[in-house]
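Protein chains: 4
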Amino acid sequence: MLVEFSIVPLDKGTHLSSSVAKVLKMVDKSGLDYRLTSMGTIVEGRWQRVMALIEQCHERMMEDSDRVITTIKIDDHRGRTGRLAGKVEAVEKVLGKKLKT
Amino acid sequence: MLVEFSIVPLDKGTHLSSSVAKVLKMVDKSGLDYRLTSMGTIVEGRWQRVMALIEQCHERMMEDSDRVITTIKIDDHRGRTGRLAGKVEAVEKVLGKKLKT
Amino acid sequence: MLVEFSIVPLDKGTHLSSSVAKVLKMVDKSGLDYRLTSMGTIVEGRWQRVMALIEQCHERMMEDSDRVITTIKIDDHRGRTGRLAGKVEAVEKVLGKKLKT
Amino acid sequence: MLVEFSIVPLDKGTHLSSSVAKVLKMVDKSGLDYRLTSMGTIVEGRWQRVMALIEQCHERMMEDSDRVITTIKIDDHRGRTGRLAGKVEAVEKVLGKKLKT
Numbered sequence: 001m002l003v004e005f006s007i008v009p010l011d012k013g014t015h016l017s018s019s020v021a022k023v024l025k026m027v028d029k030s031g032l033d034y035r036l037t038s039m040g041t042i043v044e045g046r047w048q049r050v051m052a053l054i055e056q057c058h059e060r061m062m063e064d065s066d067r068v069i070t071t072i073k074i075d076d077h078r079g080r081t082g083r084l085a086g087k088v089e090a091v092e093k094v095l096g097k098k099l100k101t
Numbered sequence: 001m002l003v004e005f006s007i008v009p010l011d012k013g014t015h016l017s018s019s020v021a022k023v024l025k026m027v028d029k030s031g032l033d034y035r036l037t038s039m040g041t042i043v044e045g046r047w048q049r050v051m052a053l054i055e056q057c058h059e060r061m062m063e064d065s066d067r068v069i070t071t072i073k074i075d076d077h078r079g080r081t082g083r084l085a086g087k088v089e090a091v092e093k094v095l096g097k098k099l100k101t
Numbered sequence: 001m002l003v004e005f006s007i008v009p010l011d012k013g014t015h016l017s018s019s020v021a022k023v024l025k026m027v028d029k030s031g032l033d034y035r036l037t038s039m040g041t042i043v044e045g046r047w048q049r050v051m052a053l054i055e056q057c058h059e060r061m062m063e064d065s066d067r068v069i070t071t072i073k074i075d076d077h078r079g080r081t082g083r084l085a086g087k088v089e090a091v092e093k094v095l096g097k098k099l100k101t
Numbered sequence: 001m002l003v004e005f006s007i008v009p010l011d012k013g014t015h016l017s018s019s020v021a022k023v024l025k026m027v028d029k030s031g032l033d034y035r036l037t038s039m040g041t042i043v044e045g046r047w048q049r050v051m052a053l054i055e056q057c058h059e060r061m062m063e064d065s066d067r068v069i070t071t072i073k074i075d076d077h078r079g080r081t082g083r084l085a086g087k088v089e090a091v092e093k094v095l096g097k098k099l100k101t
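Chains as they are written, first to last, in my numbering: chain A, 1 to 101; chain B, 1 to 101; chain C, 1 to 101; chain D, 1 to 101.
In isolation and in its complexed conformation, chain A is listed as follows (with noise of 0.2 Å):
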């Protein structure tokens, strides 16, 4: 499956990088595929592991933090992987054009 997931501490301050930095660094090392963007981060794969890299990333983040705001999406199609830039190629397919990614 597919998941979106973006973890954000409040009492940090607006400047996150440093904080985004400690969940991406686990992100990275856990062996999923990944994609970071500019409002969270996409991983694939299965349910325990994924959500037991999201439980790492929030505790770590709870570390630093007393309240943390953890958001997750979940596109479960059964069947299916290679999601992270298979979706994106199937709308480049129907228009028949390169789009920004």
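Hint data in this document are derived by calculation from the structure and do not stem from the laboratory.
It should be emphasised that the depicted structure is a prediction, and the values quoted were computed from it without experimental measurement.
One should not assume that every hint holds.
Among chain B residues calculated to face chain A with C-beta under 10 Å, some are [unchecked claim]: (1) M26; (2) D28; (3) M51; (4) M61; (5) S65; (6) V68; (7) I69; (8) T70; (9) H77; (10) T81.
C-beta: ideal position from N, C-alpha, C; glycine also.
Given the structure of chain A, go ahead and fit chains B, C and D onto it with the hints provided.
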């Protein structure tokens, strides 16, 4: 922590009350405190129990559907409990009036 | 349409009831039907009025904060109204029991 | 501000690339800078232009569908622009390495 979630199948058409009812039956039996709203379900509890419940609900929906979108929003405030009612009451207290809840 | 929204400032620390109260005051005065939950506010109405209200609330929060995260979820079901109460009642009817709301 | 959105019809089944393509055609023509990801579309611009675009996309989807779920997440950071690329680069700079984007 407080966790709002919704589980939406994409191949069940526009009438989802039966699908939602299957999920709510599991939530109601879970023993976790919860509130059903017109836009989702809010539960309060620790990560392991809440996420095990949401996984169970998501998997139940996948039995009937080939594609499911599940959204989860976590508000984790260190040391706080009783927030299903408490957060709303705190806002009413600031305003000095009852709001529609 | 039903619209759930929440507006979170990132530089106001972990206690947000005063900030939320400013927003709810505007919602309560808007004339739109709404429900305040522990995870957000749900309003019912047409796109123009609902979005004008959310913009007004977001701009109010930006007066006090340098960075604000606003999330909006729209459930638009053609021809349907009265869904703030109706969606919950439909689920209760399927289950044949009252749920926690 | 940065705005991520996704527009999901509930009565079009599990294959949504044609529906998404109609929306992306409008985004691509809008003149706003954007990125298509596997989980949504991220645009950068001012409230009025971005929300007019999303309304137009939502209404387009409602022409083909009786029920549509649209989610919108706004990250508004006073005085900042160029954040579609800038936020990702800031995280990479902290980590001192390229991430998957």
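Non-conforming hints, listed in increasing numerical order
Hints 1, 2, 10 are the ones this structure does not satisfy, whereas the remaining hints hold.
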